[in-house]
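Asker: Sequence:
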Amino acid sequence: MGYQPIQNYGIIGNMYTTALVGLNGSIDWFCFPFHDSPSVFAALLDHQKGGHFKISPRTCEVTHKQFYWPETNVLVTRFLTPEGVGEITDFMPVGMAAQEVGSQWLIRRVKVIRGCMDFLMECRPAFNYARDEHQIILSSGGACFHSPKLSLELLTDIPLQQEDNGVFAKFNLQATQTAVFVVRETEPNRGCGHPLDQSQADELFKQTVDYWRRWLEQCTYMGRWREIVHRSALVLKLLTYKPTGAIIAAPTCSLPESIGGERNWDYRYTWIRDAAFTLYALMRIGFTKEAAEFMNWIESRCHECSPNGLLQNMYGIDGRHDLSEEILDHLEGYKGSSPVRIGNAAYKQLQLDIYGELMDSVYLYNKYGAPISYDMWTKVRHMLNWVCDNWQRPDSSIWEVRNEQQHFVYSKLMCWVALDRGLRLADKRSFPTDRKRWIEVRDQIYEELMSKGWNASRQAFVQYYGSDSLDAGSLLMPLVFFLSPVDPRMLATLDAINQPPKSGGLVSDSLVYRYNVEETPDGIEGNEGTFNICTFWLVEALTRAGVKNKESARLDKARLLFEEMLGYANHLGLYAEQTGPSGDALGNFPQAFTHLALISAAWNLDKALDGKR
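Just so you know, we're using the working numbering here: the sequence shown kicks off at 152 and counts up by one.
Each hint should be verified, as a subset may be incorrect.
[To be verified] Listed next, the in silico DSS-like pairs over lysine-lysine satisfying Cα-Cα at most 30 Å (straight line): (1) Lys-499 x Lys-300; (2) Lys-587 x Lys-518; (3) Lys-587 x Lys-530; (4) Lys-499 x Lys-530; (5) Lys-758 x Lys-518.
In short, the hints are calculated from the structure, not lab data.
Start from the sequences and build out the full structure, keeping to the hints where you can.
Answerer: Structure, rendered in structure tokens:
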């Protein structure tokens, strides 16, 4: 079967877990029952061992199309053949999902629209990242797969045959005929339940469509590029873990940042640094309930911080602290990109920037959401006192480098943000605090950044003190109100970043690298693609500079970059973490951070363009 391009996939889910469905009708990634559970289907990471659930026409002459049912997360994969037109509708019912056995369903509804079509269905689970064996029990209602830790059933009225570690079926459908396949959990050593008939599947389809449309009606964004903003919001909702309100960075692990390379990480966790971006994006477009739920998750983590005020930079979706990293040597990795990692050792790193992102989110939520409690303030105050004591330490910063720690400019910038937002919040709410000390440290950070973070010979803010290299994190300086968007140093940094890499910049045909890995080794071998979130940061920085300076050229450039970037989304409007040299998707997919930045850039650019009229 081989590997499909990363951009060939769509995503479905139910706010507990997700599945990736390829253009060829194969589910190649599915963790169950939760986002960060071990995989059941993982052909993305090993096309031979990983397991898949594929339904496809039995012909070589096929044209594939894929689209979402409008305003939903219901995915349709269509096959056009000389014999007819068929399609698979994939979805997970929402609202019935809970943590009891058998309550989460993955439904695949196969239908022929015109003519007739022969199909082949293959379901080959590989439990626990293909480490656990399983037994198969066939019955008239489908098949049961029993592994030591998890049992699943495949329900269908299509006769199945067993082959090795999976089942298959060859079947024919005429126009208007439908076959339904359901995957759900079952009790150990139990036989299959009853298949869904067409009317039951149709009713669940209707309920799921209605749910997503009602949810999307809350969106208040009415500006340009509304469809891609809606899609980004729908993706973010899929990446939510309903019991806690946490949002995972991506539903996948170990998809490479360069083919054949070792930059392969597990992103099925929740980063503190995503907090401010998440709350800002959700509240800007009307999703206040989701923002409140995520804020509750953040508050819980604050109450769990160590006695000295130190937070982890990332946590499990259920709030767990241990995310120990493990290498799966038995899997070859996507297109041979090894090692395959689960867990993420970066949870042990010191990343000082997280306090700025955390405080920005608390400040924004208090301003646009609901007032924070006194108990929450006491935790915040404790953390900010820790920042006052520790901001001068070197760290691993936003990009989680795995070599020597440095005095990263971005980390110092976000320490400034932490204290600045703390002071603003204390003033607004009249909270008690050591105001004099916070002001002194905040101002000290500012002065140090302007002297040590600025490189006079480069005429730009650089990656870390003493460096000559640029970092896209500097683009956030005007976004967090550290500098005016038209401060001469900010404009010079913008101009420096907006040069091609061969000229010392970070921009290649409108796409932005986070930094130059050849100039600044980060402890990992190999290269990487452009970072999609950084492109949207550049759009927003240019937008703000254009507005403040009443300079239409920068605003026009921002719009051009934004609309060019929209062309790098996949056929469904989804983005991975990075874009490769051939325009292909790289890294974990789809990436929450990218879609958050898209929403923010769209909102601010649309507002700026309206003001230009």
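Asker: For each hint, tell me whether it holds in the structure or not.
Answerer: Hint check:
Our distance criterion of 30 Å between C-alpha atoms is met by Lys-499 and Lys-300, whose separation comes to about 29 Å. In summary, the hint linking Lys-587 to Lys-518 is supported, as the alpha carbons are separated by about 23 Å, within the 30 Å threshold. Among the hinted pairs, Lys-587 with Lys-530 is consistent with the structure: their alpha-carbon atoms are about 19 Å apart, no more than 30 Å. Using a Cα cut-off of 30 Å, the hinted pair Lys-499 and Lys-530 holds, with the two alpha carbons roughly 21 Å apart.
Between Lys-758 and Lys-518 the alpha-carbon distance is near 20 Å, which keeps this suggested pair within the 30 Å criterion.
In summary, this structure violates none of the numbered hints.
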